[in-house]
Amino acid sequence: MSEKKTYTYYPGCSSEATGMHLDASFRAVMPELEREIVDIDDWNCCGASVGLIVGGVLPQTVLNGRNLAKAQEKENRDVITACAACYLNTHGNNEKIKQSAKLRATVNEALEAGGLSYTDDLQVHHAMEVLVNDIGMDKIKARSTNPLKGLKVAGWVGCQTVRPFAATDEGGNYDTFEDPEFLDDITEACGAEATEFTPKTNCCGGSVAVMKPEKTLHLMKTILDAAVESGADVVSTPCPLCQTNLEMYQDAINKKYGTDFNIPVVFPTQLMAVAFGLDAKKGAALHQNTIKAGKLEKMAK
Amino acid sequence: MSDFEKKPGVYLCEGCGISEAIDMDELEEDVTGGFDFSVSHCRRAASFCTGEGMEQLKKDVAGGEVNQAIIAGCSPRVMTREFDEVGAQIIRANLREQVIWTQPAGTEDTLMFAKDNVRMAMAQAENSTPPTPHESTMVSCKLLVVGGGVTGLSAALEAAKTGAEVVLVEKSDHLGGWAAKWSKVSPHRPPYRGLQDNPVPGLIAEVEANDAITVKTDTIVTSTGGMPGKFTVKTTNAGGEDEWDVFGAIVVATGWRPYDTAKLEYLGFGKNDDIITDIEFEELAANGGIKRKSDGKAPEIAAFIITSDPDIMPYSSGVSSVVAIKQAQMLVDANPDAMAYVIYEELRAHGTTEDFYREAQEKGVIFQKGTVKSVGDDLAITVEDDLLGQEVSMTGLDMIVLTTGMVPNSTNPDIEASDKGNSQLKDDINPTASFAKPGLEVLTQNDDEGEPAQPGGPLLNLQYRQGPHIPVLANGFTDSHYICFPYETRRTGIYTCGPVRRAMTIGEAREDAQGAVLKAIQSMRASEESSAVHPRAGDLSFPKFGLDICTKCRRCTVECPFGAIDEDEQDYPILNPTRCRRCGTCMGACPVRTISFDNYSPVMVSEMIGAVEMPDEFEEKPRILVFACENDAYPALDMAGINRQQMNSMMRFIPVRCLGSVTLLWISTALEKGYDGVMLMGCKSGDDYQCHFVKGSAMATERMAKVGETLQSLMLEEERVKVEEVSIADSSRITGLLNDFGTEIEGIGLNPFKM
Amino acid sequence: MTAQLPETASRKYDLKFARWVRDNVYGGGKMNMCMQCGTCSGSCPNGVEMDVGPRKLFMMVRAGMKDEVLRSSTLWECTSCYRCVVRCPRGVPVTYIVQGLAAVAAREGYAPKIENASFARAFWWSANTFGKTDERLVTMKYFFSFGFLEGIRKSLANLKIALGMVKAGRMHIGMPHKIRDSKGLQAMLKKAQEIEAREG
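Protein chains in written order, with the working numbering: chain V, 545 to 845; chain G, -3 to 751; chain C, 965 to 1164.
Calculated directly from the structure, the hints in this document are not laboratory data. Among the clues, some could well be false.
As the list claims (entries may be wrong) - Here are the simulated lysine-lysine pairs, DSSO-like style, with alpha carbons at most 27 Å apart:
| # | chain 1 | residue 1 | chain 2 | residue 2 |
| --- | --- | --- | --- | --- |
| 1 | V | Lys839 | C | Lys1124 |
| 2 | C | Lys980 | G | Lys365 |
| 3 | V | Lys826 | C | Lys1131 |
| 4 | C | Lys1131 | V | Lys646 |
| 5 | V | Lys640 | C | Lys1131 |
| 6 | V | Lys618 | C | Lys1131 |
| 7 | C | Lys980 | G | Lys289 |
| 8 | G | Lys365 | C | Lys1118 |
| 9 | C | Lys1131 | V | Lys842 |
| 10 | V | Lys799 | C | Lys980 |
| 11 | C | Lys1154 | V | Lys646 |
| 12 | C | Lys1124 | V | Lys799 |
| 13 | G | Lys226 | G | Lys212 |
| 14 | V | Lys799 | C | Lys1118 |
| 15 | C | Lys1131 | G | Lys287 |
| 16 | G | Lys548 | G | Lys750 |
| 17 | V | Lys836 | C | Lys1124 |
| 18 | V | Lys765 | C | Lys1124 |
| 19 | G | Lys365 | G | Lys259 |
| 20 | V | Lys642 | C | Lys994 |
| 21 | V | Lys842 | V | Lys826 |
| 22 | C | Lys1118 | V | Lys646 |
| 23 | V | Lys646 | G | Lys359 |
What the hints assert, rightly or not - Just a sample of chain G residues kept apart from chain C, beta carbon distances all over 12 Å, derived:
| # | residue |
| --- | --- |
| 24 | Arg40 |
| 25 | Glu78 |
| 26 | Ala101 |
| 27 | Asn194 |
| 28 | Pro195 |
| 29 | Ala234 |
| 30 | Glu296 |
| 31 | Ala298 |
| 32 | Met335 |
| 33 | Arg354 |
| 34 | Ala356 |
| 35 | Glu358 |
| 36 | Glu525 |
| 37 | Met711 |
As the list claims (entries may be wrong) - Computed footprint of chain G on chain C; a stretch qualifies when at least three of its residues, placed anywhere within it, have a C-beta under 8 Å from a C-beta of chain G:
| # | region |
| --- | --- |
| 38 | 989 to 1000 |
| 39 | 1019 to 1028 |
Each residue gets a CB set at the ideal place from its N, CA and C atoms; glycine is no exception.
Go ahead and model the full structure; you've got the sequences and the hints to work with.
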């Protein structure tokens, strides 16, 4: 058996709040797939989609530069994150810094003010990219000792997990921008059934949904309509903001459109945790979903 | 007619599924028994294009037993080279594409169709002989190039490279033309980005150093007679001295001139010193840099307006776009802080200039799509922006540059219009109506008012029956078959290239010159061999005039699309054979059918019409005769067969050189013989014509418009005769046309003249 | 990003605005490559909420319509889905440019009361202060940016969601999450802003 590969893990702000169950289930499944993860010490916020609007482009890059500088202390080339926005910012800025010596010097000038510098050539990966390119579906399937037979899953990838990097060399070319297949592949590897669900990469409204939900409810309704129509028991999404938005606004959507949506939204890592036979609470963190994924919970050992 | 002693042989091919679809014994019986034209052999083989069949065919010909081979098998459009090499006159009967691939196998109707095709081929053989060429007219292999701009210089050099002797005639006192004024030119070499150095000074030096090229500046052509291989040309210099010379072919590269700036007043021209034309912009750039005329300052924000007002300029060429893109780049190259706006209604970055356009975008040039509403004295522009859907005002501009467009020098504006040529520049033959254009209507009006109709005199002053001009088509550009034979003018042996043919950039003009020179050389070679040029390259047949019954009606001399026929002192037609393209439009025009080719004649086709076995009225099998132009319609029919499109069984096809060669005699013969309908299938006519002989299909349409009277006098329905325009790509449409016509004819009923 | 916008108060249109955007907005250098095909606008999930789509916004920049561009709701309705970025046939980083223009608008005072700008300010305040985004604090600060009463109203409207989150353990009650070296981070960000102001 080869030595366990180690990734430096950037949990991101959502791991301590709305996306705790993503963090928990991710931490639970990675060792099962023989991958070790080590957290970045004292990591900070990536700036998300709106940070640069007020902070500015360079300060946003420096936010990410600090995380990279802290990550480089772990002496692994590969950094991993499970949050779409964290990936977008950390990966995007890392590539910008790697491609421009001038930018690296500028970033380091700022990092210097806090006694840090980023000199390494780290590679930042999305957790899904690692599942596809490094771990592979065969391994997930092999580890799925508790296959989720009969569970119907609508695979909703969202935006930033695949855009704008999934189909680039730097992004590992692990899937397409518009019609990615990896999420359904994970569903199937877990022994569940992927439903016919077309708005795979539709947008939930992102941070605009957080601040002005009334303007983006129509986006989420499209997704929910398609999920229900596909006969799904649950929606699976890799993005913490997508998960939170789609889960917490179902009430508001029902109110506005007179619908009766009540469909659980889970992470693929939660599906994996159950399929791997891990504990529903300690492993899959299903207790943290506000809409309970009852059918999935019952499958847990 | 020659003293050719016919030894015909029939070869029935059984390959490609023919023998499975047709009873070959019956077909052979028809050939040997049912016909009074006796043949030396009737052979059958699994194939005649190859193998034993081909060996037998060659043996028959080599042994002197056969000199006319009637081959019934595939379409005459395939295996041509294989059969030509046999050495006999080849006549083909199309059984494969036309019959078995469009009809159900094994039926009585399919067999009748095959029999008729073979019978028609036999009638064709009986009434034709291999063509004997006309006497050579070749005198000179020297090339005359008219115009010393970038196109003419390139043409002279390209011709000299092939070993030809060249005389280059230039109207002004120096070589180089307009392009010599430009400091930089748009890219015409890979990678098609970045402004490139002007090639003109180099071309001038090369021409002047080339011993094979004689340059005559300050000189114009004042008379051109003769024909390809012996054009007799008079040139006259500024001092009034004449000189005569003989040329094998002529390349006309007289270029363009800028549009009249007086018509740009609505765009502010003349209101402010800093509203300039693109020509003035070039002059500024070449003489001390891009600076404002008013105060000598380098402009910081400039707008380049691509004019496209159809009332002023009926066409908008891609060149205007490229010039604006180029000049905008010149501005930002000279001053990277400068802002360049290109305002356009239609931006055409054609071909490789797409890259040049992208480069301009990368350099920060801004392209704005809209219509300029007003230009103020203070250089303020109001644009109705199409992409914003609102009016946008642009203020703070330092300079406005107006593109002026290219006007073709298809006449010489410096000399007076000749009386004879005015109306003939465009409309030398009937029908004229469909060829009129806005620009030329103006000319005609002027004509009525007694004002000079032409903007100038003829370029070559052709001593042709049809007048001194090289005919033009739309917008004053010289007429040519735009898609297929762009350099061929309607005067054989005379090739136009460069912006006189269509607006083009320097790079394109240089390529164009190459093309025209190659065509000119081909034409000289063809003159040497007495054979035709495009599109019947290599054809040795030519029209012969039976003057004994000629009524001097002049239709042939007037209607020839190429001005090949002149009139002698007694008004009889005389052919200038190397001017002729062998289309047969004269043959179709002649009311007494006294014009014919050795292998194509009114009699031959009439006999082919009669060779079809006409079912009597009780059989209720209509027959429809289709004259299919062999350039586009016939290949389209073949393709319909290749695609196995099923067709009704009543059609019988005769390929014709051009619809222009179809004589009314054939129509009346067909109806008298009992055909129930006649269809003429030719190329598109009009300004965007596809006719390979320019006016053939237009002539046919015109002539057939008059066929109605004839039909009425015979108590026949006008609908029995139809003209259809088809393109080579119409294979899927063509069967529909034929089947619909069949249904229509069935609706009308059988021809009462049927026996 | 902090280079001064050209002084154009007296003019509705400023033909140099496009140049300024090109030189000062991240991705702006590629904006000129836009060929106005409209793929971006057609791909935008939230285009219905925008006063103009990205295509038209870019044409407005080129036409020098500075005020209209910086007041446009487009800048704030972008959900950062990056669909336009991956679809643009000319490789224009549309989302990045829109975000960059939003930053300009925020800085130049064009969008003082726009909800999303308030949210962005609250977000950055949290990132800068704690080194992390505390959703409770960001949200509350955002709600109260509209005034005290509006803040209370918005907070109550979202109370049910918040309680659900607390119950699920995804919203904690207590001190905000904070990085240890927040002083160091603040120094870095201050420096970065200085550099940006210096280099433009």
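27 Å Cα cutoff - pair V/Lys826, C/Lys1131: This hinted pair holds, its Cα atoms lying about 17 Å apart.
G/Met335 and chain C, when compared Cβ to Cβ, separated by more than 12 Å: For G/Met335, whose nearest Cβ neighbour in chain C is about 6 Å away, the distance does not exceed 12 Å, so it is violated.
Distance restraint between V/Lys836 and C/Lys1124, which requires alpha-carbon spacing of 27 Å or less: Between V/Lys836 and C/Lys1124 the Cα gap is close to 16 Å, so the pair holds against 27 Å.
Status of the stated non-contact between G/Glu296 and chain C (beta carbon gap over 12 Å): It is violated; G/Glu296 is separated from chain C by about 8 Å at its closest Cβ, not greater than 12 Å.
Beyond 12 Å from every chain C Cβ - status for G/Asn194: Check passes; 27 Å lies beyond 12 Å.
Proposed proximity, G/Lys365 with C/Lys980 (alpha carbon, max 27 Å): holds, 18 Å
Given hint G/Lys750 paired with G/Lys548 - CA-CA distance at most 27 Å: violated, 36 Å
Minimum Cβ distance from G/Glu525 to chain C greater than 12 Å, as the annotation requires: Holds: least Cβ distance 52 Å, greater than 12 Å.
Interface exclusion of G/Pro195 relative to chain C, criterion Cβ beyond 12 Å: holds, 30 Å
C/Lys1131 paired with V/Lys842 [C-alpha distance capped at 27 Å]: holds, 21 Å
Hinted pair C/Lys1124 and V/Lys799, Cα distance within 27 Å: holds, 14 Å
27 Å Cα cutoff - pair C/Lys1118, V/Lys646: Not OK: C/Lys1118 and V/Lys646 at ~45 Å, beyond 27 Å, violated.
The structure does not agree with the numbered hints 4, 5, 6, 8, 10, 15, 16, 22, 30, 31, 32, 33, 34 and 35 stated previously, though it agrees with the rest.
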